[in-house]
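In case you want the letters, here they are:
There are 2 protein chains.
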Amino acid sequence: MPNVKKSERDLIRSIRALSGRTANRQVRVGIGDDCAVLRPRRNEELVLTTDFSIEGRHFVRDWHEPEAIGHKCLARGLSDIAAMGARPIAAFVSLAVPRGLTRAGKGKDPWMDRFYRGLLRLAEREGVTLAGGDLSESPTLAFADIIVLGAAAKGRALLRSTARPGDLLYVTGSPGGAAAELAALAKNPRRFRGLEALTLAAELDHPHFYPQPRLRTGQALLRRRIATACIDISDGLSTDLLHLCEESRLSAEIDSNAVPIHPSATLDQALHGGDDYELLFTAGPQTRVPQRVGAVPIHRIGRMVSSEGGKTGITLTRERNGKIERVPLVAEGWQHF
Amino acid sequence: MPNVKKSERDLIRSIRALSGRTANRQVRVGIGDDCAVLRPRRNEELVLTTDFSIEGRHFVRDWHEPEAIGHKCLARGLSDIAAMGARPIAAFVSLAVPRGLTRAGKGKDPWMDRFYRGLLRLAEREGVTLAGGDLSESPTLAFADIIVLGAAAKGRALLRSTARPGDLLYVTGSPGGAAAELAALAKNPRRFRGLEALTLAAELDHPHFYPQPRLRTGQALLRRRIATACIDISDGLSTDLLHLCEESRLSAEIDSNAVPIHPSATLDQALHGGDDYELLFTAGPQTRVPQRVGAVPIHRIGRMVSSEGGKTGITLTRERNGKIERVPLVAEGWQHF
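Heads up: the sequence lines are chains G and P, in that order.
Heads up: the first sequence at position 332 corresponds to 663 in our numbering, and the numbers run straight through without jumps.
Heads up: the second sequence at position 78 corresponds to 409 in our numbering, and the numbers run straight through without jumps.
Among the clues, some could well be false.
You can't tell identical chains apart in this list, so a pair holds if it fits in one copy or across any two.
[Claimed, not checked] Once the Cα atoms are required to be at most 25 angstroms apart in a straight line, the calculated SDA-like pairs of lysine to any residue come out as:
| id | residue 1 | residue 2 |
| --- | --- | --- |
| 1 | LYS642 | ARG347 |
| 2 | LYS518 | PRO470 |
| 3 | LYS518 | ARG434 |
| 4 | LYS485 | ARG372 |
| 5 | LYS485 | ARG356 |
| 6 | LYS485 | GLU375 |
| 7 | LYS485 | HIS537 |
| 8 | LYS654 | THR433 |
| 9 | LYS642 | ALA348 |
| 10 | LYS518 | ALA626 |
| 11 | LYS485 | GLY458 |
| 12 | LYS437 | GLY363 |
In short, the hints are calculated from the structure, not lab data.
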């Protein structure tokens with residue numbers, strides 16, 4: 332075998348070895364065949380999501396340690412699973428990198444190994460098996476596509492399209508932290524060097540670098556029949572609320588005083604920041620919604636109302652100069668184009 | 332809503348509309364939620380594959396019409412499903428393109444629309460629902476990741492790892508055509524302009540541009556209990572045979588005279604060319620293997636043997652100067668790095 336080829340096989344072997352630690356019994360065949368083979372349980376439906384992480388778009392190689400990029404790549408997929416109230420089973424990651432990133436340098440392991448290490452640390456913590464993917468050389472950019480497959484009780488997966496008029500609107504955690512940290516990073520990238528091997532407690536202080544998908548919260552919302560509809564706010568609270576409104580053909584009202592704001596963030600960052608992997612959900616007005624699930628606080632921020640003339644929109648209630656005013660809230664979150 | 336954002340939503344709407352024509356009943360929720368929701372049948376296991384198509388690596392924008400790129404993107408995924416003997420259920424495509432490719436130009440539809448059109452034409456033909464994906468602006472390159480989910484009878488999906496010593500080795504179709512057409516394309520790209528809306532019959536003349544995944548053949552190999560192991564030869568016959576040998580811990584012998592060669596190709600292209608979406612499979616020596624499945628011919632090209640000292644390898648038997656000689660066959664197919 333030529334050497335180049337051998338290195339590729341070694342690479343797949345080392346990823347296999349790394350990923351072997353987490354074995355989900357519903358994965359019959361993982362890495363190493365044309366496809367992975369999966370065994371769903373009876374009475375469950377499956378949920379599947381896919382998300383890009385692209386250099387220059389979602390991360391900057393000079394700003395983000397590869398472990399953090401790998402962590403966030405998987406966290407993005409897991410957050411979509413959380414939004415369905417589902418349990419993750421298997422992840423697949425397709426990774427394309429310029430050739431240099433497969434080689435060790437400056438006393439550090441190769442970029443690619445460190446990316447997988449960050450991803451697999453989160454996978455292990457959440458009980459997800461890395462069951463396959465693709466590997467390719469990229470002419471220029473580094474980029475990854477994460478695919479996560481999950482399962483939920485049949486007919487019970489939480490959707491965006493099932494909110495009802497009169498439902499109350501809730502959000503987990505305190506949005507805005509990721510946007511605030513990104514703004515600080517853009518001002519002084521050096522301050523954030525070396526965020527590669529954090530403890531879970533330390534990760535909580537870095538919502539931009541190490542977002543925590545709300546899997547247990549989402550599963551509780553489904554299991555305890557709390558949520559009527561759910562979405563994650565990775566595109567920003569305002570933008571994702573609009574998605575939920577459109578899919579449910581409803582409008583929403585938010586009370587600006589009720590929106591929990593991350594200690595380091597502004598109201599604007601909490602409303603439009605994006606990159607927060609919190610859950611936004613609706614529940615019936617009679618439903619008892621807990622103030623927290625585990626360590627994750629839940630706040631009521633508004634309610635769903637019928638759309639006038641079929642036109643969906645969000646109204647923000649705020650106090651200005653001692654008066655209560657109602658203004659349209661324009662969705663200003665993440666734009667895919 | 333700002334205009335940019337609106338255009339993105341319009342875009343997703345138009346993809347939804349385009350993809351709505353093919354509806355698989357096992358897809359409960361398709362495009363438009365955090366995840367797709369899928370309903371597997373009882374007594375089936377699921378198979379899942381993911382493959383990149385990257386500009387400058389798998390296609391060249393000046394050489395390949397977007398319809399052909401979209402077709403091949405999905406064909407790559409479907410071919411992995413075929414290699415498992417499975418039935419495709421749903422496809423997911425994540426697409427990243429520079430902003431300009433979302434706009435119409437020179438009297439033509441936007442590149443992105445044409446990409447989806449090529450992909451969806453094949454999806455419709457094969458009964459696959461486009462159930463989700465991701466869309467992103469890319470700083471430079473255009474690239475796509477295809478994910479295909481399929482199903483097979485429980486415990487029956489065809490693997491690479493289950494060939495036995497003494498099994499005979501078979502290949503579908505006539506490999507080498509894709510490599511031969513690629514060589515012709517590299518010499519004279521102009522000759523191949525305008526390959527955007529071909530009939531199925533015309534597609535067969537363009538194995539590089541419009542590869543045909545062997546879904547029905549793979550399904551027959553499983554259903555009729557013919558194959559003991561199977562792989563597609565997208566990386567090239569020699570390289571993928573080595574993968575099969577390694578996973579089954581066996582060696583293989585190929586008779587060079589028995590290898591079917593595409594009319595426009597050389598033996599070298601048939602053995603190492605890559606990009607052929609044919610199936611390579613093994614069957615017991617007593618198994619009756621048909622000479623064709625539908626219109627796809629099947630040829631016996633060699634056999635599996637025990638590995639000496641645990642070292643897998645391929646031996647090629649060929650005639651040279653009137654003598655039969657046995658030489659090691661070095662895998663020289665596609666290298667991911």
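Hints and how they fare:
Taking the shortest Cα distances, LYS642 and ARG347 sit within 25 angstroms of each other only across copies (20 angstroms), while inside one copy they are farther apart (50 angstroms). In this assembly of identical chains, the alpha carbons of LYS518 and PRO470 lie at most 25 angstroms apart only when taken from different copies (22 angstroms versus 30 angstroms within one copy). Proximity of LYS518 to ARG434 under the C-alpha cut-off of 25 angstroms is found in neither arrangement, the shortest distances being 30 angstroms within a copy and 34 angstroms between copies. Taking the shortest alpha-carbon separations for LYS485 and ARG372, both the intra-copy value of 10 angstroms and the inter-copy value of 12 angstroms come in at or below 25 angstroms.
Proximity of LYS485 and ARG356 under a CA criterion of 25 angstroms is satisfied in both settings, with 19 angstroms inside one chain copy and 15 angstroms between copies. When the C-alpha separation of LYS485 and GLU375 is checked against a cutoff of 25 angstroms, the pair qualifies both within a copy, at 4 angstroms, and between copies, at 16 angstroms. In the homo-oligomer, the alpha carbons of LYS485 and HIS537 never lie at most 25 angstroms apart, since the shortest distance is 36 angstroms inside one protomer and 44 angstroms across protomers. Taking the shortest Cα distances, LYS654 and THR433 never come within 25 angstroms of each other, neither inside one copy (60 angstroms) nor across copies (45 angstroms).
Taking the shortest alpha-carbon separations for LYS642 and ALA348, only the inter-copy value of 20 angstroms comes in at or below 25 angstroms, while the best intra-copy value is 53 angstroms. For the homomeric pair LYS518 and ALA626, neither the shortest alpha-carbon distance inside one copy (31 angstroms) nor that between copies (63 angstroms) is at most 25 angstroms. Taking the shortest alpha-carbon separations for LYS485 and GLY458, both the intra-copy value of 21 angstroms and the inter-copy value of 24 angstroms come in at or below 25 angstroms. For the identical chains of this complex, LYS437 and GLY363 are neighbours neither inside a copy (31 angstroms) nor across copies (45 angstroms), given an alpha-carbon limit of 25 angstroms.
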